[in-house]
Amino acid sequence: MDVIEVRNVSNRLGQFRIEDLNFSIPKGYVTGFIGQNGSGKTTTIQMIMDVIRPKQGEIEVFGSSNTNPEMKQRIGFVYDELYMYDNFTISHMHKFIAPLYESWDDSLFERYRRAFELPMKQKLKTFSKGMKMKTSLLFALAHDPELLIMDEPTAGLDPVFRRELMDLLQELMLDSQRTIFFSTHITNDLDRLADYIVFIDNGRIKLQKSMAEIEEEFHLIKGTKEQLTAIGRDAFLGLRETGQGFTGLFQGDSTPLASGNQEMVVEKPSLEDMMYLMKGKKGAW
Amino acid sequence: MKYFQLVIGLYWKAYIPFFLLNILLFFVLHYLNISPYVLLLFVNLLMFYSVAERQERFHIQRFVLSLPISRLAYVLLYYVFILLYITLVGLLMWGGYELLHIFSSDRFTLQEIGSHVFVYVLFIVMLASIFIPLFFRFKPETIEARIAFFVSQLVLFTTFILANPGGDFPVDYFAQNQEKLIGFSISCFVAFVVSFVCSRQLVEKKVVL
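Protein chains in written order, with this note's numbering: chain A, 11 to 295; chain B, 34 to 242.
A few of these clues could be false.
Unchecked claim - Derived, one-sided and incomplete: chain B residues facing chain A with beta-carbon distance under 8 Å:
| no. | residue |
| --- | --- |
| 1 | P101 |
| 2 | I102 |
| 3 | C231 |
Claimed, not checked - The calculated lysine-lysine pairs, modelled on PhoX-like cross-linking and capped at a C-alpha distance of 25 Å, are:
| no. | chain 1 | residue 1 | chain 2 | residue 2 |
| --- | --- | --- | --- | --- |
| 4 | A | K135 | B | K238 |
| 5 | B | K238 | A | K65 |
| 6 | A | K139 | B | K238 |
| 7 | A | K139 | A | K232 |
| 8 | A | K219 | A | K139 |
| 9 | A | K232 | A | K219 |
| 10 | B | K172 | A | K131 |
| 11 | A | K105 | B | K238 |
| 12 | A | K142 | A | K105 |
Everything labelled a hint here was simulated from the structure, so no lab data went into it.
All figures in this text were calculated on a predicted structure; none of them were measured in a lab.
Every residue gets a Cβ at the ideal spot worked out from N, C-alpha and C, and that includes glycine.
Pulled out of the complex, with its shape left as it was, chain B reads as follows (with noise of 0.2 Å):
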């Protein structure tokens, strides 16, 4: 408990303004009547670009080391404490769209948002899975963590337009088709495990600051 104290006094108030953006953005543009989920992934994006920067300034990394917590409880209760952030993000989300559609259901007509936002958890934890190892490995303002964070955004979204073409972010082309859907949950399950692993091992031969 006292190492889960530790990671979450040190990475709450990094993830509160995501966090709040988040959750604000989702009913303003569904109030809207927009799609939010384009956006809302770049601000993940920027979330997990923008927290490994700060951590990297203040040296966040090597504080953590020098304390009496090992290598591996630090990472796996930082995966524990994204996994939770995504959980309350995801929860937030869709119990707020249903207290809302209980009260103004002119405006917060969809019935199927809670399928939506499951894919766009999922969404998240995809981006979690590459963008956490990758930080781990480079330093954020080096090139190479740049070129690095570039080139996953490219094949991330690129992905998402071949996978719906002509369509939205595919939300939809998930949440509507059950076997597909369990396929994602998967492949998202087990990059999350993946990346778990590569990052205990980044952070387990640590030689380079």
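Chain A extracted, bound-state conformation (with noise of 0.2 Å):
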């Protein structure tokens, strides 16, 4: 079953476009949304949210119009940065949106809030951008959702909580009904955790593969000038030419490939490597 079922979305933001989008998120997994920065995941994240509405197409979570405001009680929502005034508490924050959820947990979001060390009477604009993150978080945790979407929430953090970040979102996927649906353009923070990937590039899908079969169907080929010319430049999804040789993304059984080429290298590309090599490519995957 699909949370998320985007539908032929498009949409215009001044010169930037969104194009034709289809993809859905499965339930019970975590889905990591990759793409550069201005290639429209954020507009793709408010657009799911309702934040702001396409000009065509259609956008079900859970089964429903995602205009329908009663489906965000399910949902916990982490943006790029906290989106609250600076003189804010989280105490004052607490007042107001705790009432708004069924399903606030008061008890879970005292456990998180001490988790997390952050206080309760200090002004939001003394946080660092950790704790920022933590209290989105927070907001995000205490009514139990069953659809986690966080629009970058690494960037900007330091290693260290990027990593505590990942392993508490780890944690949070050991109850198999819950459901991560994660933009980040850090693609090292999906290696561990992401089950599905989506790829966009300048406002249009370039994949949407779990990682089993990205790791099944994709390869990294490096080799010689000459052996590029042996396969020919059109079998590769993307590709980087040097002085020295070449390194081109393969999609399919690379054995020919390299039975016939000994001195090719052949790799499992990360996700980084996806994304640079099949960056400005047509088509999707």
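Combine both chains into one complex, guided by the hints.
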């Protein structure tokens, strides 16, 4: 079952276009939403959250239109920064956010607050970037959401806190009913966490696959210029050439390529390799 | 009730400084025997701009629209909040003045303060009717918003001057003429309702942040 379904969604924001987005997020898994800065990740997430409305297409969350505000009862959201006045405190925020959620759990709120070591009465402007992110998480998790939507939560965070956040998300996924949709341009975050990947580039979905499929189907091929000429440039989804040779992203069975070319190196591509090599290429995989 | 709690929680703190400034200036200027209304209207103009600018800077609309509250409820309750805020300002001015009149009748002598405050409150309602949808449509820091803000002020104050040539801010003009006061009240009410309908449409169809 899919928790989010995005169908034929298009939008235009100034010069930037989102074109014909189609993808779905399966229930009970972590889906990483990757793409470089400005590729359309935030816009897509804002459309899923019904913060902005697409000009065309439809989005369903939990099987009903995302314009129904009730579906947000089941969603926890964390954006790239804490969207709140900086002269507010957690205590003040709690007073007007908690009553909005039917499943709000004050004991859970208190448990996370203590775990994150967040002060109740201190103004948000005195918080570090990490503390602000923890505050977002605190309010996102305190109503025990079935779906957690996060937009670049690790951007600008130090490596230690990023690691802690990944541990927390892994812990949350012990509950197999929960779904996490998580956008990032730091693909290392997803290597040990994501089950599925959706890759967006310049407002278009370039790839939607499970990590297992990606591991099985995609190969990073490194070789000489002569080898590239022999194979042909069209065989690759993405290609970078240097004076010495080439690095290409290949989809499918790479055994015939490797067997005929003794010196060619075949590796598993990282998500970063894939993002780098597929950027700007036409078509979707 | 929970939705109204959200609106109050989000906006009351932003309006408090202007609320206090309204009350303080009203009494101080009256004490000094200076008509406070033109200055107070500028305070309110500044208030609408400042609240919209802060709201934009901290992405408050994105935050609210991510919560389980309908767009209609949000806009409606925001208008209710503004109306309550303006009513509270008016009541405190009127009640406070009446009280001071009892204790210091040599300084606070104006008999018709109730109708003056009522006209002033109507002017704030008119300002709110213009600026709330304006800032739902444009980000306050954009050139479009600044131009619209400037032009609205110009139109507003030119109208005031034309309505009362050579006179003070036209509180007396409306306060002393029953028919005109009723006409102005109805205009303000209609403007507020039209403003709400426009804001609702703007937020409902919002496709750009």
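Hints versus structure:
1. P101: 4 Å, holds
2. I102: 6 Å, holds
3. C231: 17 Å, violated
4. A:K135 with B:K238: Not OK: K135 of chain A and K238 of chain B at ~33 Å, beyond 25 Å, violated.
5. B:K238 with A:K65: 10 Å, holds
6. A:K139 with B:K238: 33 Å, violated
7. A:K139 with A:K232: Given that 25 Å is the threshold and the Cα spacing comes to 40 Å, the pair is violated.
8. A:K219 with A:K139: This hinted pair is violated, its Cα atoms lying about 32 Å apart.
9. A:K232 with A:K219: Holds - the C-alpha atoms of K219 of chain A and K232 of chain A are around 23 Å apart, at most 25 Å.
10. B:K172 with A:K131: 31 Å, violated
11. A:K105 with B:K238: Given that 25 Å is the threshold and the Cα spacing comes to 29 Å, the pair is violated.
12. A:K142 with A:K105: 18 Å, holds
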